[in-house]
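Produce the entire structure from the sequences given, and follow the hints as far as they go.
There are 2 protein chains.
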Amino acid sequence: MPAPSLPSPRIIHVNTRGAVILAEESPETRDSRGIYLPNHIEPVSHIAVDIGGSLAKVVYFTRSPEEPPSPSVAGPSDAASNSFLHAEGTPSRSLPPSPRLQASHPYSRNGTLTPAVLESSQNNQSGNASRSDANGNQDERSVHDGETLDTELLRTTILKRTATVHHIPGGYINFERFETENISALISFISDLIVRSAEANGVSIEEMRRGVKIMGTGGGAHKFGNLLEKELKVEVVREEEMECLIEGMKFMTMIPEEVYYFSDELISEFSHPGTGKSRSSADGSIDKGRAATASSSTASPVLERPSPNPPRYAVTFETEEPSAHLPCLLVNIGSGVSIIKVDADGTFERVSGTSLGGGTLWGLLSLLTPAKTFDEMLALSEKGDNTAVDILIGDIYGTDYSKIGLKSNTIASSFGKVFKNRGEGKAPGERRNFKAEDISRSLLYAVSNNIGQIAYMNAEKYGLDRIYFGGYFIRGHSETIATLSYAIRFWSNGKKRALFFRHEGFLGAVGAWIKNIEGGGALSQTPASESLHGSDP
Amino acid sequence: MPAPSLPSPRIIHVNTRGAVILAEESPETRDSRGIYLPNHIEPVSHIAVDIGGSLAKVVYFTRSPEEPPSPSVAGPSDAASNSFLHAEGTPSRSLPPSPRLQASHPYSRNGTLTPAVLESSQNNQSGNASRSDANGNQDERSVHDGETLDTELLRTTILKRTATVHHIPGGYINFERFETENISALISFISDLIVRSAEANGVSIEEMRRGVKIMGTGGGAHKFGNLLEKELKVEVVREEEMECLIEGMKFMTMIPEEVYYFSDELISEFSHPGTGKSRSSADGSIDKGRAATASSSTASPVLERPSPNPPRYAVTFETEEPSAHLPCLLVNIGSGVSIIKVDADGTFERVSGTSLGGGTLWGLLSLLTPAKTFDEMLALSEKGDNTAVDILIGDIYGTDYSKIGLKSNTIASSFGKVFKNRGEGKAPGERRNFKAEDISRSLLYAVSNNIGQIAYMNAEKYGLDRIYFGGYFIRGHSETIATLSYAIRFWSNGKKRALFFRHEGFLGAVGAWIKNIEGGGALSQTPASESLHGSDP
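Those protein sequence lines, which keep their order, are chains A and B.
Under numbering that gives the first Met the number 0, read the first sequence as residues 0 to 536, first letter to last.
Under numbering that gives the first Met the number 0, read the second sequence as residues 0 to 536, first letter to last.
Hints listed in this document are in silico derivations from the structure and should not be mistaken for laboratory results.
Errors might be hidden in some of the hints.
[Unchecked claim] According to the in silico footprint, chain A covers these stretches of chain B (three or more CB under 8 Å from chain A):
id, segment
1, 47-59
2, 212-224
3, 354-364
4, 384-392
5, 412-419
6, 447-460
Just so you know, even glycine gets a beta-carbon here, dropped at the ideal spot from N, CA and C.
In C-alpha cells form, the structure reads like this:
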C-alpha cells in the first residue's frame, strides 16, 4: 500500500524539543552562543546571512550526536542566572566560570556542515567504513512492502544516521557576526567553512557546494548577493527581510529560555538604584512589591502575584506557548529601527520606524569618547552619571513639576547641560570638559528612551500589549534593557511589557535559515524533497 | 443715568486691531522684532519673563503715539516676503535692506515703560506742562451727566492721553532674550529699564517700581522668583507655564502675519532640492502642482486649489479667524519638548514630550563642530550634506525598499556612517574625519524629524489636524521648518499641517504678559481696575 500523501503541515520543521542554549564562552559572545538542537537534521546545509546596514549576521547548523558538556547555566530561579547579561558589579549578577570547551568537542566554533544530502553520495563512494553497498544496503536496512524508492531512501538515511557517530539527529545552531564594511571577511569565513566541511565529510569541494545554500536577507543580500554567488560558487537565495525577522522571532520563542523580560524591581534597580522600589509605583500605577516569578509569566496585563520567596531581581523567562506571543509588536534595533506589527495569525506589516538607532549612538560615541567598539561604549556608560550632561526637571524647576506629572529626576533635555554649562567654572573663552562616561550614559538613555517611546505609541495605536525588542543594539546590556522596559511601563502605566531575546541580533538570520527548512525538512511527512533528488550523483 | 455695569467679557483685553510686525533690524533679531499695537494702553507695566532650561525670554510694552516708519515688509504675495526666514542663497529669499531705526525713534530697544498709573500721580505733581489741575481738569475734560467719578477718571485718562505726546494709545511689544545661565544679565536689563523709565516719566524709582509687575513663568520663575524680587524690588507674580504657552499662542494667532506655514513646493524645495515637485506625490498621496495662496488658507485637510499665479515658494500666512485655530496640538521646542493638546474651548493638557530637543542639538554640535552659537550651527548645516554621515535606504539596499514603501534617499540610520565608515580610506588605526557642515545637517534633521514624528503620532492619537510649533529651536530657520513640515505631511499622508510663529520663542512670555492684562485692561468695560485706585499717592 503506498504511503499516504499528507498535506504539508504549516509548522516550522525544526524540532526544537530539548533545545538548550549553551554556556557563554566569553562576554563578547554572550549573544551568539550556540543552541543545541538534539532532534534536528538538516538535509541541505543552509547558511543564513543577514547583511544589515552595519553588521552581517550568519547562522548555520552543525551536526553532533553528543550533548553539550553542561546545561545552560541560566536557570530562572538561580540568582546567577543573569550571567548572560553584561552588567558588572550589580547584585546577583556575578558571572559563573565559563565551561572550557575542548577543541575536539562536537560543539566549537570550528564545527562543520554535514548536510544529510552528502550521505547518499558517500554511500556511493569507496573508502568509508560506514558505507553501505551500492544499493544502500546495510545491516538495518529492509525494504518495506509498498515503499517507493524515495521513501525507502529517506528511511534508510534516517536509520543509517542512528548507526554511526556522525549520522544521528542533533547538532548546533551557530551564530557569527561580521562588519558589513568588511564583507570579504564574511566571504572568507563561509569559504573556509565549506572547505573544512568538505574535508570532514570526505567529499570534494564541488560536491560540498552542491550541498550548501546561502539564504541571504537584509539589504545587503540585494547589494552583495551576486558577489557572494561569484566568490563562493554556491546558490544564493534571497529572502525578504521583514519575513525573515518575523519567522526568526517566532522560531526563537520556541527555544526555552530564549525570551525574557525584567521584573519591575530589576527595572527600578537600574533606573533608580538604591530606592528599592519601582518608581512608577509612586505615581500609583504599579503596586509595590510585586515580583515576577519564572513560572507565572503571563501575557495578560495583570502583574504576577507575589510568591513566598520571589526572586526580586530575576530576569524572568517567558514560558508561554509560542502561540501566546502573538499578536505583538516587534521592534528591531539595528543601525536603524524597524517597527513591525504581527497579528495573531502571523501576518505582519512594518508600520513604523526611526532613524535614531544603534548607528546613531555608535557614531556619536565614536566621536565623543575614546571608545572603539560598542562594548567599550557600553562599559563607559555603566560608570557614567547622566545628570552631569542632561537637564533634569529639577534643574529647571527646582523641584517636581507635579501639575503635569513630571518628577524632578525626569530628563527634560538630553545632553542639555553641555551647551548651557559650557563655560561653567572656566575662564572666558575656555570650554568645560565633560566626562566620556557621562556622555555615554546620557546618549544611551536618550536613544533608548526615544525608541521606547515610539515603540509604545505604536503599540498603543494598534492595541498591542507585548513589545519584543530585537537587534544588535540591545547587546544583552542590562541598562539598555532596563531603560527600554521602563519606558514601556512608564508610558503605558504598567499595562504593556517589553520582552527580549538572548540572540537578539540574529532574528533575521534565523528566520532566513528557517524559511528554507520549511520547504525541505527531512523529518516532515511531505514527499521527499527536491534536494534529495538533486543530490544524486 | 449711571453707566450700566457690564460683565467682563472673556476676551483678551489687548486691542490688536491694526497690529503690525516691525521690520527686521538684523538676522539675529529676526524672531524678536517688535509688534506695534496702535490701540493698546497698559495701566500697569508688565514685564513678562519666561525662564526656561537654557533661555530667559522677556516681553514688555512701551508706549508711543507714532506709527512705525514703514510697514512690515513681509507681505504674503511678495517674493521678498520670506525675508524673515534665515535662508541664504535660496530662490525668492534675498533679504531686503533693513530700515535704519533712529535712536530717537519711538520704537527702539531703548523704549521705556509708561504705565498709565503714573499719570494720575503726575497729575498731582508740579512741573509737568501737560498736567491738568488737581481735579484732573484739562481742556477736553467735561463731566458727563450721570458719570461716576471712576468712569470720569477713566475717560479723562483716555482723553488726556490723546492730548499729549506720551499719553495716547498705542505702543510696542518688545522682545528680549538672555541665557538662563546668565541670570544677572537679565536682572541688569530689567533694572536698567526701570531706571530709564522712571527718568522718562519724571518719577522716582520707588514710584516707578510700584507701577511695574514682573510676570514670571517657566521653570525659572520658581527657581529665580525670589532673586528677582530681592534684586529688583518689584512684585513678582508667578504664572503657570503651560497656561502661559497656550494663552500666548492664542494671542499670537490674532496678530496678522504672525502665523505661517510652508506650501508643499516650499517644503520639497528644501527636502529635495531641484526636483521641483513634492516627494510625497510620488507616493500618490499629495497631488502635484498644488500651491498655497495667502487668501485661501484653510483649516480643512483639503489642499488649496491652484490659482492663476500661485506663489510657488510662498510662505503662507494664516488668515483664519482666531477661533478656527482650535482644536490643535502645540509643540513647544526649547531645551526639551512639550506637547500640549488644546481643545476647541481652549482647555488644554500636556499629553507628551521628548527630551530630545534643542538642548540636545546645541550640546552635540557644540562638541562636534567649531560653532559657538545656535545661529552658527544653523549656518553650518545649510552648507552640509547629510548623506555623508547618514546611512540611507539606498546605501543598504542599493535601491528603494519598495515593499515597505521606503525610498532610497530615506534616512535609515542618522549618523550611521560615522562608525560604519570610520576607517574608510585611512591607514589602520587612523580615523576618518567628517565635515562639521555634514554633521550639523545630519543632526538637525535627526532631531527635527524625530520631533515631527512624535508630534504627528500625538496629533493622530487625539484626532488633531493642526500642529503648531513654537520655541526658540525653530529660529525661523527654513530647513528646520521644512523638515518639520515634511515630517508631518509625510506621516499623515498630507492630511495634517504644521504651522509656525514668527515670534516662536516668546509664546510663554507673551502669555504671561497677557494673563495679567486680562485682569485690568483699561479699555475694557469693567469697573475701573484696582490699579488705578492703588496708584493714588
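Proximity test - 8 Å, beta-carbon atoms, the segment 212-224 of chain B to chain A, at least three hits: This one holds; 5 residues, not fewer than the three required, reach chain A with a Cβ under 8 Å.
Within 8 Å of chain A (C-beta), three or more residues of the segment 47-59 of chain B: holds (count 3)
Coverage claim, chain A over the segment 384-392 of chain B, checked by counting residues with Cβ within 8 Å (three needed): holds (count 4)
Verdict on chain A covering the segment 354-364 of chain B, criterion of 3 CB contacts below 8 Å: As far as the segment 354-364 of chain B goes, the hint holds, because 9 residues have Cβ atoms under 8 Å from chain A.
Coverage claim, chain A over the segment 447-460 of chain B, checked by counting residues with Cβ within 8 Å (three needed): With 8 residues closer than 8 Å to chain A, the segment 447-460 of chain B meets the three-residue bar; holds.
Coverage of the segment 412-419 of chain B by chain A, judged on three or more residues with CB within 8 Å: holds (count 8)
Violated hints for the displayed structure: none, as all numbered hints are satisfied.
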